[in-house]
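Per numbering that gives the first Met the number 0, residue 0 is the first one in the sequence shown, and the count goes up by one each step.
No lab work stands behind these hints, which were simulated from the structure alone. One should not assume that every hint holds.
Unchecked claim - Quick list of the computed label-pair ranges, beta carbon to beta carbon: (1) N40 <-> K1: 18 to 24 Å; (2) K33 <-> Y2: 17 to 23 Å; (3) A12 <-> N35: 17 to 23 Å; (4) K1 <-> S22: 15 to 21 Å; (5) K33 <-> Y4: 14 to 20 Å; (6) Y4 <-> G38: 17 to 23 Å; (7) G38 <-> Y2: 29 to 35 Å; (8) H24 <-> M0: 17 to 23 Å; (9) K1 <-> G39: 27 to 33 Å; (10) D3 <-> N40: 24 to 30 Å; (11) M0 <-> N40: 17 to 23 Å; (12) N40 <-> R19: 28 to 34 Å.
Said to hold, decoys possible - In silico DMTMM-like links for lysine to aspartate or glutamate, alpha-carbon gap of 20 Å or less: (13) K26 <-> D3; (14) K33 <-> E18; (15) K1 <-> E18; (16) K1 <-> E32; (17) K27 <-> D3.
Just so it is clear, CB atoms sit at the ideal spot from N, CA and C, and this is done for glycine as well.
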Amino acid sequence: MKYDYLIVGAGFAGSVAAERLASQHNKKVLIVEKRNHIGGN
């Protein structure tokens with residue numbers, strides 16, 4: 000599968016950036032996170 004953006008880290012900023020790129024700019028975004036949850040610590 001092809002993505003327009005790769006975001007490393009699903010903390011607050013990474014999650015918001017991914018959501019905005021996907022919903023407002025109609026881009027495909029892949030988020031990579033090492034933890035099993037999003038939103039930071």
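Hint check results:
Between N40 and K1 the Cβ separation comes to about 32 Å, which falls outside the hinted range of 18 to 24 Å. K33 and Y2 have their C-beta atoms about 18 Å apart, which keeps the hinted 17 to 23 Å range intact. Range check, A12 to N35: about 19 Å between beta-carbon atoms, so the 17 to 23 Å window is met. Checking the proposed 15 to 21 Å range against K1 and S22 shows it holds: the Cβ atoms sit about 19 Å from each other.
Remark: the range hint 14 to 20 Å for K33 to Y4 is upheld by a beta-carbon distance near 18 Å. In this structure the hint that Y4 and G38 lie 17 to 23 Å apart at CB holds, the actual value being about 19 Å. Between G38 and Y2 the CB atoms are about 21 Å apart, so this pair departs from the stated range of 29 to 35 Å. Checked against the given bound of 17 to 23 Å, the beta carbons of H24 and M0, roughly 18 Å apart, stay inside it.
Checked against the hint of 27 to 33 Å, the pair K1 and G39 passes, with Cβ atoms roughly 28 Å apart. At about 28 Å, the beta-carbon gap between D3 and N40 stays in the expected band of 24 to 30 Å. Distance hint for M0 and N40: a CB-CB separation of about 29 Å, inconsistent with the stated range 17 to 23 Å. Separation of N40 from R19 is about 22 Å and departs from the stated range, judged on CB atoms against 28 to 34 Å.
For the hint linking K26 to D3, the alpha-carbon distance of about 6 Å falls within 20 Å, and the restraint holds. Restraint check for K33 and E18: the C-alpha separation of about 19 Å stays at or below 20 Å, so the hint holds. Restraint check: the Cα-Cα separation between K1 and E18 comes to about 17 Å, which is no more than 20 Å; the hinted pair holds. Between K1 and E32 the CA atoms are separated by roughly 18 Å; this keeps the pair inside 20 Å, and the hint holds.
Restraint check for K27 and D3: the C-alpha separation of about 5 Å stays at or below 20 Å, so the hint holds.
In summary, the structure is inconsistent with hints 1, 7, 11 and 12 from the numbered list given earlier, while agreeing with the others.
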